[in-house]
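Trainee: Kindly produce the complete structure, drawing on both the sequences and the hints.
Heads up: the sequence lines are chains A and B, in that order.
To convert, note that position 297 of the first sequence is 297 in my numbering; the numbers rise steadily by one, no gaps.
To convert, note that position 322 of the second sequence is 1322 in my numbering; the numbers rise steadily by one, no gaps.
All the given hints hold, so there is nothing to weed out.
Selected chain A positions facing chain B (in silico; Cβ < 10 Å): (1) 172; (2) 177; (3) 179.
To be clear, the hints were calculated from the coordinates, so they are not data collected in a lab.
Beta carbons are placed, not taken as given, at the ideal position from N, Cα and C, and that holds for glycine.
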Amino acid sequence: MNKKIVLSILGKILWAEAALLVLPLIVSIIYGNSCIPAFLITIAVAVIIALPLIFLCKTDNKRIYSKEGFVIVSLAWIIMSVIGCLPFVISGEIPSFFDALFETVSGFTTTGASILTDIEGMSEGLLFWRSFTHWIGGMGVLVFVLALSQELPDRSIHIMRAEMPGPIVDKLVPKAKETAKILYLIYIVLTLAEIVILVLCKMPLFEAVVHTFGTAGTGGFGVKADSMGSYSPVIQWVIAVFMFIFGINFNLYYLILLKRIRSVFRSSELWVYVGVGVVSCALITFNIYDSCEGLSEALRLSAFQVSSVMTTTGYATADFNLWPGFSKTLLLILMFMGACAGSTAGGLKVSRVIILVKGMRRELHRLLHPRSVRTLKLEGKRLDEQTLSSANSYLTVYVASVVVIFLLLSIDNFDIETNFSATVACFNNIGPGLGVVGPAGNFSEYSVFSKIILTAAMLLGRLEIFPLLLCFSPATWLKK
Amino acid sequence: MRIIVVGCGKIGTALIESLASEEHDIVVIDTNRKVLEEINNIYDVMCVCGNGADSDVLDEASAGKAELFIAVTNSDELNMLSCFFAKKMGAQHTVARIRKTDYNDKSLSFMKQTLSLSMPINPEYAAAQELYNILKMPSVVKIENFSSGNFEMIQLKLKPDSRLDGMTLSEMRGKFKANFLVCAVQREGKVFIPSGNFTLKGGDKIGVTANQTEIIKFLKELNLIQKQTKNVTILGGSRIAYYLAKRLLASGNDVKIIEQNLERCEEISELLPQVTMIHADGTQQEVLLEEGIENTDAFVALTGIDEENILISYFAQRKGVPKVITKVNRDELREIADDMGIDCTVSPKKIIANILTRYARALKNSMGSQIETLYKLMDSNIEALEFKVSPDFAGVQMPLKNLSFKDQILIAGIIRGRTAIIPAGDDVILPGDRVIVIAGQKRLQDLSDIMR
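Mentor: This is how it looks when you write it as structure tokens:
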């Protein structure tokens, strides 16, 4: 274990976080909020910890292996969340540390689950920071640091692989650093586009920015108690479309930039993603048609909710808790699938679901024809057996995690629907679930123990389980 | 610069290692997924799995945008084909490894022209060329030529009882009549660019630059030149051995090749009748003694097995052969061979990697001051670069002592027209000169990079 390089990268992460905290500080200065000292203290704390890490842990041995990659990513996310929750605690707007940590982790992991009961009473600076964490966490902090850092560790692909979700992590261009830059550039352009369009649709600038951060990171923090319900239909459509856009694999946008449109349309992941979205949307529209005023409202409500849940964003324009059982169940199932790999969304990822389904079909075929040989293909390329087996083992760990979290959560005496949907919503980084934690409710009623469990669940879900699991497994640290 | 490398065998991997440290954008194509995965983990490159002559694969690697396309798979035909396609798709320069003797002997220039190859490269021929250079000057570890040919750099290992033991560099200047410069010293794994008060020790490996005639003078003063190589024994009848033997015969040496495989013996003796072909297992000491290894001027171990090469070279050295060269492919074994006191090891893949890296640098620097030649010395820790000076170089017309260079930089020579100058403080650099720079830090791209 190359501890020095791990520590020095953690120092750089904190340094980056201190720099990013300047933005909400500026916002709170503009709005004259009382949380200015809270931000100043947090920045000071981050810098004080970061400086010795950066300067004392300089080392010539910049070599990292996959082990270091996992450890760096896990520790970075934990330390970032702990520092990131300080403004809430210091300003007293969320006095309990674990509540604040829950809220911050929910932000960084782009979950959007909240323990706040009175969102509209929060100061603008903190609301901005809360949503900004979505934007930072969406594309990944380490990818951000990779894009900016002058001195990269050798083999930085291990860091990228540990942080970027999805079954296969590919580079767009030969250099990891350039890849990170391109991804962030696409991210920033799409973000700006949404802000401009929302402002043109007459949303106030502050709200436009905050909601764009929520959409871009597929997070789901808003500024209003009823999420997006009180905005005009046009704005709801705009947000619904952008949520869907941020759920598409960013590699495809790069292909568009390269003018290789044909390969974009050949992407099977895209078609499955669009297909599942359209079909679910149609089914739900049909299912809720009776309770709505006309087709256009039914379509809008269903499209928004489907887009929000599929991309694991978690905005809501309707309390789908009150919808018929079929629609609720369908939404719950969509929560598991999530959106495309290589996007900012959570969940199992469409491409992994495709791999698993293909693997299952082959297994069935093999039962009928025990001697048959079949190779699997994804996006026209032969799929490595290793990728299939790691997707399978991911599914196993995924289900096991859901079961354990669900069990631990049931200690709090809520109904099964609430507990299960809370587990699913946090673990897949969606946000609102059903029952007490539905779009109209929040997570504040859970006990501290459950909040800690859910906080861990969000991190596990965002980092796709293995990095955290390995970081805290003794085998990583023992000298064997 | 965008470089595509097809094939990740021994040469491909060595090449990627060398190019990746030069900050090029590298795309690697190979059919073996496992190998690609390994490479992707170690180097910051993009990997594409597939056949290098498949247009889809080339498209995915954006071969059309490549500035340099290098095909080094183990099939000559595949290399030619993929270079041909890449060129048609718009790649600027293509390099193909072409190894078969049939192609090299007769149709090379025809092929080069028809396929618009920028450079065909034959690893065995290049390795043989390097071996020949080393043999040309016995008792010197290695010898490299700079552009004009009469300026050379030699590397030699000082014997423990050498005259230079305990001498500082400034003392040396007074004691030797030859005009030369010690530009690099390797001692116990560490590499130094020495200044005047540096004291040499026995066992050091030193790099010396000078004029060709001055180098011979220097070696004479050191008593290192006894006689020119007249007869050479080569162990193993590989392709390198064939090219080397051909080269040696042409310059009037007697060559003896010991080879185990009868067919191969017959092949070589058909191609090169003047060679004494011995069909025997050369790893047996009895055979070597019978073939008079004690009387040979030089012994070159070129079998396919590194370990055998090392052990037999050790034996030959003990038997008092003045010049022993060992082919060692694996880097780990190279270090061990050094520790065992084997004077001179050569690694063909490294030779190719160096040639191509140099080529890539020259392409990249086709504007401004150019790198004309590049050599990696002392286990690649030091580079010797030859630059052409452009008029806008900041240090033009100024005495060297007034210029402030970065650390680990030494001007080892100035070549003006046909004369080579070993620079002292009062010498100046003029536009149009070629300057030889020894650099401890890597990646000098331009002559102006040496200035503080």
